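Visitor: Note that the protein sequences, when read in sequence, are chains S and E. Under my numbering, the residues of the first sequence are numbered -13 to 207, in order. Under my numbering, the residues of the second sequence are numbered 179 to 291, in order.
Keep in mind the hints are simulated off the structure, nothing from the lab. Computed from a predicted structure; not experimentally measured. Check before you lean on any hint, since a few could be wrong.
What the hints assert, rightly or not - The calculated lysine-lysine pairs, modelled on DSS-like cross-linking and capped at a C-alpha distance of 30 Å, are:
no., chain 1, residue 1, chain 2, residue 2
1, E, Lys198, S, Lys(-4)
2, S, Lys20, E, Lys281
3, S, Lys185, E, Lys281
4, E, Lys231, E, Lys243
5, E, Lys198, S, Lys179
6, E, Lys261, E, Lys281
7, E, Lys202, S, Lys7
Chain residues, written in single-letter form:
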Amino acid sequence: MCEVDKMHFKVLNLGTRVLHKNQDRAEQNRTWFKSHAVHAINIMSSPGSGKTSLLEKTTQALRGIRQVSILVGDLQTELDADRLKKVGAKAKQINTGNGCHLDASMIAQQLDHFVTGHEDLLLIENVGNLVCPSSFDLGEKSKVVLLSVTEGEEKPLKYPVLFHQADVILITKVDLANYVPWNKARAIDAIFKINPRAKIIELSSLTGLGMDEWLHWLKEA
Amino acid sequence: MHELSISISLVEQALAIMQKEGDKRARRMTLEVGAFSGISIEALHFCFPEATKGTALENCHLIIKQIPLCIYCPTCKKEVILKDPFIMCSHCHEVQVEVIRGKEFNLLSMEVE
Ligand SMILES: Nc1nc2c(ncn2[C@@H]2O[C@H](COP(=O)(O)OP(=O)(O)O)[C@@H](O)[C@H]2O)c(=O)[nH]1
Ligand SMILES: [Mg+2]
Ligand SMILES: [Zn+2]
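The shape of chain S in the complex, shown without the other chains:
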């Protein structure tokens, strides 16, 4: 039996990256962004950490100053894009259906269409999830990860792969820091263990605290 098996079966040595399709597409997107001088930013966090609220405030702050388009990933609804349009954003929802993350081809479909190439900034709100988006490069230049004070300080240790990738980590909802058990030193320590190179900005979309620093980073990055 085994002999026969051995004769029939052959081994294919492959050594290919499983996600190479996404990676290739992401590189094409990256090239497109570069040649159009569009700074693309992939914004990730758990659901409810304040991504859409931050984008609302960012839209208002940059109106008339910078050309911004926003893509929002969500499983089903158009709610976030509607919220953003209400404050005057050029925003489009990408429904991922069952998909728990955006991928590079979803972004590619928007290039030369919704994303014209005249933008200074393309802000991409990923699906609320700290696991899946970490495996899917979109071709962005920067990754921003939000951590709200209501989520506790341990999140970076529980989701190290995503937090490790962040260029910027925004500690959001700091207006609530005094009302919840939030220990800033422990949070900073957790971030440092996973990603010592990340820039950390403390921010509140509600009070506007930290917005200047965020906008400054957007301008310089």
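Following the hints, position chain E with the ligands against chain S.
Guide: Just chain E with the ligands, lined up with the frame of chain S:
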């Protein structure tokens, strides 16, 4: 859980390879998955059989080689394997280290006929 969509794309890739090679059936597939790849091996084992149903990969045995997270510490001047996913040298606590292994997610080989 992205392991289902990943499994589906893995099966598609494998089927394309088999079609090119003219193979009808796959008996074994070997992957390497890094501890810092963001891919859950457990979830992959769970989702892969689902994704193969009704294809030439049905009943294909999935073998996964785990690759530990490994950094290079410029202070100790050596490679260090990390048990925890904290990107710092476990000997000297240097944080300016380079991840050299552990992010892999590769299809290594298949046994087909
Ligand atoms: N107190 C406070 N609440 C906030 C802040 N930012 C967002 N929220 C609230 O948190 C909830 C989720 O915010 P949202 O922007 O939709 O989060 P997303 O799921 O990450 O897009 C909403 O009820 C917001 O009003 C903030 O800075 N301070
Ligand atoms: Mg949102
Ligand atoms: Zn060391």
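Visitor: Need the status of pair Lys185(S), Lys281(E): alpha-carbon distance at most 30 Å?
Guide: holds (22 Å)
Visitor: For Lys198(E) and Lys179(S), compute the direct alpha-carbon distance and say whether it is at most 30 Å.
Guide: Cα-Cα ~46 Å, so violated.
Visitor: Below or equal to 30 Å on CA atoms is what counts here, so check Lys231(E) against Lys243(E).
Guide: holds (23 Å)
Visitor: CA of Lys20(S) to CA of Lys281(E), is that 30 Å or under?
Guide: holds (26 Å)
Visitor: Is the straight-line distance between the alpha-carbon of Lys198(E) and that of Lys(-4)(S) 30 Å or less?
Guide: holds (14 Å)
Visitor: Keeping to a limit of 30 Å between CA atoms, is the pair of Lys261(E) and Lys281(E) held or broken?
Guide: At roughly 14 Å apart (the allowed maximum being 30 Å), Lys281(E) and Lys261(E) satisfy the hint.
Visitor: What's the verdict on Lys202(E) and Lys7(S), does the C-alpha distance respect the 30 Å limit or exceed it?
Guide: OK: Lys202(E) and Lys7(S) at ~24 Å, within 30 Å.
Consistency with the previously given hints fails for number 5 only.
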